[in-house]
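Chemist: Take the sequences, apply the hints, and build the full model.
Protein chains in written order, with my numbering: chain U, 1 to 328; chain F, 1 to 242; chain R, 1 to 472.
There's no promise every hint is true.
Just a sample of chain F residues kept apart from chain R, beta carbon distances all over 10 Å, derived [stated by the list, open to error]: (1) Val3; (2) Arg6; (3) Val17; (4) Val24; (5) Thr62; (6) Asp65; (7) Gln115; (8) Gly116; (9) Pro141; (10) Thr206; (11) Leu220; (12) Ser224.
Only pairs whose alpha carbons sit at most 27 Å apart, straight line, appear in this in silico DSS-like list of lysine-lysine [what the hints assert, rightly or not]: (13) F:Lys77 with U:Lys277; (14) U:Lys277 with F:Lys92; (15) F:Lys138 with F:Lys92.
Derived from the structure by calculation, the hints contain no laboratory data.
Predicted model only: the values in this text are computed from it and were never measured.
We put the beta carbon where it would ideally sit given N, CA and C, even for glycine.
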Amino acid sequence: MSASDTPAAPLANASPEPRHGLRLLAGWLTLSVAACLAIWFAWYPHLPPGVTSDSSTHQQFDIAVLAVIAAPVVIGVLLYFGYAIVVWRARPGDEGDGPAIYGNTKVQATWIIGTTMIVLGLFVFGTVELVGPAGAGAGEGPAPIWKLSGTQTTAWTPGGNDILQVQVIGQQWAFTYRYPQFGGMESTVLDLPANTPIEFHVTSLDVIHSFWAYLLGVKADANPQVDNVAYTTVKTLGGFTVHCSELCGIWHGAMTTSGTILIPGAFRTWATGVQAKEQSEGVLAALPPYALTYDPTVIPQLGQNIVKIDGITGGAGYYYGSGNPVTP
Amino acid sequence: MSVVARAAALIVAFLGVVGVGVFVAVYYIGSATTQLPIVHYTASSGQVNVVLQEDAQNDSTTRPDWVTYYTQDPATKQWLHTTLFSVPANTKVNVTIYGYDGCTPLRNNFFSQVQGTLGGTVTVSQFDQHGKEYVTGKTTPLINSWADCNVGHSFAIPELGVFVPVASPNAQLSAEDLCSSSPCTTTGNPYAVETFSFMSPKATGTYRWQCFVPCGGGYLDGNSGPMGTLGWMMGEMDVVSA
Amino acid sequence: MAIEVQPERAEPARHRFEVVGANRPWWLRPGVLTGVIGAVAGYFLGHWLGNLLGGGYDRSSLADTNDVAIVLGYAFGVIGWLVGLGVFNDLFQMMLGRHLREESRLLSVREPGLGRYFRYTLDHKVVGIQYLFGMIVYFLTGGLFAMAIRSELLSPSYHLIGPQQYLMVVGEHGTMMMMMMSSVILGPFGQYFGPLLIGSKRVAFPRLEALGFWLTVPAYVILLSAVLMGGFPTGWTGYEPLATQATQGEDAYFFAFGLMGISMILAGFNMIVTIINYRAPGMRWNRLPMFVWSMFIVSFLQVLSVPVLVGACYMALVDRTFQTAFFANQLGGSSFLYEDLFWFFGHPEVYILALPGFGVISEIVSVFCRKPLFGYKVSVAGMLGVGTASFLVWQHHLFDSGINPDMRPLFMLTTEIISIPTGFIFLVAMGTFWKARIRFSIPMLFALAFYFNFLIGGISGVFLSDVPADTT
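Modeler: Rendered as C-alpha cells:
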C-alpha cells in the first residue's frame with residue numbers, strides 16, 4: 001500500500017520514512033489470525049443459539065463464520081485508525097499541511113473488489129445456509145419451498161420419519177399449541193419429541209405476534225388469517241422458553257411459555273394423555289375443527305344459541321358494526 | 001436586550017422546560033398505577049378469600065360503557081374499582097367471582113377449560129332476575145362458551161397456569177334484564193356465582209392476570225380498551241410473604 | 001441546468017414592495033403567539049365537527065371514544081396554527097392582487113433581534129437557527145423519555161412506572177427520536193449552510209422551507225399529547241392491526257408522523273431545487289462540497305420515500321376513524337401491506353439519518369487532517385450508491401414475517417450489496433488519514449467516534465442480512 005505522494009517536510013534527524021504499509025499489514029495479519037482462531041475454537045461453541053436443534057446449530061455455525069470473516073475487517077479498520085491517530089498526529093508547533101493525496105486508483109480498486117468479493121461470498125453462503133436446513137427455522141409463509149423430508153401423516157408415530165405438525169396460535173396475550181395429529185388437542189405448554197422433523201404452523205387470532213423459540217432457532221411471525229410455516233428438528237433433550245417477538249400490546253413482554261423436549265416415546269405418552277383428558281372433559285368437542293387459520297365466523301356454526309338469542313356473530317369487538325358478518 | 005436580560009430570559013425558559021418535563025413525568029407517567037388502590041387480603045386459618053365481580057358497565061365518568069372487574073375489600077365489604085390485590089405466599093386462595101355481565105363467546109374456546117385450579121374444576125351457581133337459582137352448585141371442568149353461552153369473561157394468571165372461564169347468566173337472560181348500575185348487587189338482575197381455589201406460589205412477586213374473552217366493545221378484535229388497561233379487565237396479583 | 005446569473009441585490013427593490021413604516025408591537029404581528037391562538041381555535045372547531053360526524057357510530061358508544069373528533073381536531077388545529085402563524089398571508093395577498101407588504105426574506109438585515117426567530121420568516125439562516133433550537137428541544141424530550149426508560153430498568157423487581165406507562169414511554173421515546181431526528185442535520189445545517197456552500201443568497205422556495213420547519217412544532221406537540229390520552233402501545237413502528245385496536249393515543253402517533261412526513265417532503269424538495277438551480281457560476285457538480293452532496297442525496301430519499309409513509313399513516317387513520325379495512329386481514333385487507341409500506345419508508349429513513357452524518361464528517365476529517373479528502377469521486381459514488389440501494393432492501397425487516405420464501409435470498413443479496421458503498425465512506429476516511437497531520441479538536445474526536453460507531457453498525461448489518469443469523 002505505498003502511496004504515490006511527495007515526501008513530507010524532512011524531519012530533523014532525516015531518518016527514512018517508516019514503511020507504514022508493511023507495519024500495518026504485519027500487525028493486521030497477526031491480530032486477524034489470532035482473532036479468527038480465538039473465535040473459531042474458543043467462542044464458537046458458546047455462541048448463541050446453541051445446539052439444541054438442527055436450525056439452531058446451523059445458525060450458530062453461520063454466526064461463527066460471519067464473525068470469522070468480520071473480525072479481520074474490524075481489526076483492519078480499528079488498527080488503521082489507531083495507528084493513524086498515534087503516528088500521524090500533528091506534533092506540537094507543526095502548522096503544516098498533509099500531502100495532498102486526491103486518490104489512488106490501486107487502493108480504491110483493491111478495496112472495492114475486496115469488499116465486493118467478501119459480500120457476494122457471504123450472500124452465497126447465506127443462501128446455501130438458508131436453503132439447506134429447510135429454511136433455517138425462519139417462517140416461510142403459507143407456501144414454504146424449503147421443507148424437511150419426512151412423511152406427512154394424520155397420526156404421528158415415534159421412530160419413523162413422520163413429521164410432527166404443531167400449530168402455534170398467538171393471541172393477546174398467550175400462546176397455545178394445537179396438535180392436529182392427536183385429535184386436535186390444544187395445550188398451553190409446548191412439548192416436543194427429539195430427533196423428529198417438526199412443522200410449525202404459526203397463526204394469530206387477533207394482532208401480529210411472533211413465535212420465537214430461541215433455543216430451537218425458530219422465529220415465525222403470527223399474522224391473523226395467515227399460516228406461517230417453519231421447520232426444525234430438535235436434537236437434545238431439555239427445557240426451552242418461547243417468547244413473543246412482535247409487539248402485540250401491553251403484555252407482549254409477559255407472553256412467555258415453556259416447553260420441554262422429550263424422547264419420542266415419552267412425548268407420545270404425554271400427548272395421548274392430554275388428548276384423552278380433553279376428550280373426557282368435552283374440551284375437544286368444544287374446540288373448532290382444526291384449520292390452518294381461524295376467523296370468528298366459525299362461532300355461529302358451533303354456537304347456535306349465541307346467534308339466535310343474543311345476535312352475537314363473531315368474537316365480539318364490534319369495531320366494524322354488529323351487522324358485519326365477520327366482525328373481527 | 002442586554003446580555004443580562006437575555007441570559008435571564010434563557011434561564012427562565014430552560015427552567016420552564018425542565019419543570020414541564022418533571023411535571024409530566026411525575027404526574028402522568030408515575031401516578032396512574034399509584035392511583036389504583038391495592039386490596040390486601042390476609043390469611044385466616046391458612047386460606048384467603050378473594051371476592052371479585054365483573055360488570056357490563058361501570059361508575060366512572062370518562063368510560064361508562066367499558067366492562068370492568070370490581071374487587072371487594074375484605075374489611076369494609078365495599079366494592080372498589082380496582083384489579084390490584086395482594087395475597088400471602090404459599091396459601092390456598094379461594095376465589096369467588098360474581099358474573100353480572102352477559103355472555104360473550106371466547107375467541108379461543110380452549111379457554112373454556114378450567115386449568116390450574118385445585119381439583120381442576122370450578123363450582124357454578126346461576127340465578128335469574130327473580131333470585132331463583134336455576135343452576136345449583138355445579139362442579140365442572142368446562143364451561144363451553146360457544147355451545148351454552150354461559151361464559152361472560154375469564155380470569156387467567158398465565159404465569160401460574162391458572163385459566164378459569166367466569167360464568168354468566170345464560171343466553172336467554174343475557175339478552176334482557178342485565179344489571180345496569182355499577183357496582184352490581186344480587187337483587188333484581190340475573191347473575192352467576194363461581195368459586196374455585198388455587199395455591200399461591202412460594203416465590204413472592206407480581207403476577208399479572210387478564211381476561212381472555214374479547215370484551216372490549218368498540219375495539220378491533222375486542223382486545224383493547226378495558227382489556228388492556230389496569231383496573232378494568234386486567235390486573236396484578238401481588239404475592240407477599242405471609 | 002439553470003444557474004442564477006443575476007443574484008438579487010442586497011437591498012430590497014423599493015419599487016416592488018411597500019415598506020411598512022412603524023412596525024406593530026410584537027404581540028400583534030403574526031408569529032408563534034397568534035399561531036397558538038389559531039391552533040387552539042382550530043382544535044375546538046375540528047373536535048366539534050368530529051363529534052358531529054362520528055358521534056353516531058356504533059363503536060363510539062361502545063368504546064366511549066371518538067377518534068374522528070380527535071383526528072379532525074388535530075387537522076383543524078394544524079391549519080389554525082399555520083393560519084395564525086401567517087403562512088398564508090402572502091399567498092392571500094397575491095391572490096387578491098395586492099402588493100406584498102414587506103420583503104420579509106431580508107427582514108433580518110433591517111430588523112435584527114430575537115423576534116424574527118418566532119415568526120414565519122423567509123431568511124434561510126433564520127430558519128436554520130429555528131430548526132436548530134427546535135431539534136434541540138425535540139432531542140431533549142426524546143432523551144428525557146430515554147432516561148425514564150433507564151430509570152424503570154434500574155431494578156428488575158421495583159417498578160417506577162406501571163406497564164402501560166412504560167409502553168407509552170418507550171413508544172414516545174422511539175417515535176420522538178426517529179420521527180423528529182430525521183431532519184436533525186438537513187434542518188439546521190442543511191438550511192443554514194447549504195445555500196452558503198453553493199454560493200447562493202437564498203433557497204429556491206423559502207416559503208416551503210419555513211413551512212417545513214413550522215410543521216415540526218405541531219408534530220411535536222401532537223406526539224406529546226398522546227401522553228395525555230394514555231399513550232400508544234405499538235412502539236415507533238405502529239404495526240397494524242394493533243394500531244387500529246389501540247386507544248386514542250395512536251391517533252396522535254399517526255397524525256404526528258404524517259405531519260412530520262409532509263415537513264420532510266417539503267424540506268427535501270426545496271433542497272433539491274436549490275442545489276440544482278441556485279449554484280453560483282463555476283460551482284460545477286464535481287466541485288460541490290461533500291456536505292452538499294449528502295444533502296442532495298438525502299433530499300431525494302426524503303422526496304421519494306416519505307410519501308409512502310404519509311400514505312400508510314393516512315390509511316391507518318381512516319382505518320381508525322371511518323372503519324375502513326385496509327389492514328384488517330379478516331375483511332380482505334392485509335397486515336403485510338402496512339409492514340411493507342412502513343418499511344419501504346423505514347429503510348430509507350435510517351439512511352436519511354445516516355447520510356448527512358457521512359457528509360458532515362467527510363468535511364470535518366479533511367479539515368482536521370490538514371489534507372484534501374481522499375477519493376472525492378469514490379465518496380460521492382458511495383453516497384449515491386447508498387441512496388439508490390436503500391430503496392431495494394426494505395424486506396430485510398420482514399425476513400421472518402411470512403413473506404414469500406423466495407424473496408429472501410434476493411433481499412439478502414441487496415442488503416449485502418449495500419454494505420459496499422457504505423464501505424467507501426471508510427475507504428475515504430482511511431485514505432484521508434494516511435500521512436495526515438491530525439489535530440484532536442472536539443469535532444475531530446466526534447468524527448473518530450462516528451467511525452468507531454459506524455464500524456459496529458455496518459458490520460452488524462452484514463450479520464443481520466444473513467437470514468439464519470437474523471432469525472436467532
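Chemist: So, for every hint listed, does it hold in this structure?
Modeler: Evaluated hints:
1. Val3: 13 Å, holds
2. Arg6: 8 Å, violated
3. Val17: Given that some Cβ of chain R is not farther than 10 Å from that of F:Val17, nearest at about 7 Å, it is violated.
4. Val24: 6 Å, violated
5. Thr62: Incorrect as stated: the minimum Cβ-Cβ distance to chain R is 7 Å, not above 10 Å.
6. Asp65: 5 Å, violated
7. Gln115: It holds; F:Gln115 is separated from chain R by about 24 Å at its closest Cβ, greater than 10 Å.
8. Gly116: Non-interface label stands for F:Gly116: nearest chain R Cβ at 22 Å, farther than 10 Å.
9. Pro141: 31 Å, holds
10. Thr206: 8 Å, violated
11. Leu220: At roughly 4 Å from the nearest Cβ of chain R, F:Leu220 sits no farther out than 10 Å, so the non-interface label is violated.
12. Ser224: 4 Å, violated
13. F:Lys77 with U:Lys277: 39 Å, violated
14. U:Lys277 with F:Lys92: Given pair U:Lys277, F:Lys92 holds - Cα atoms ~25 Å apart, limit 27 Å.
15. F:Lys138 with F:Lys92: Judged against 27 Å, a Cα distance of about 21 Å means the pair holds.
Hints 2, 3, 4, 5, 6, 10, 11, 12, 13 from the list above are not met by this structure, while the remaining hints are.
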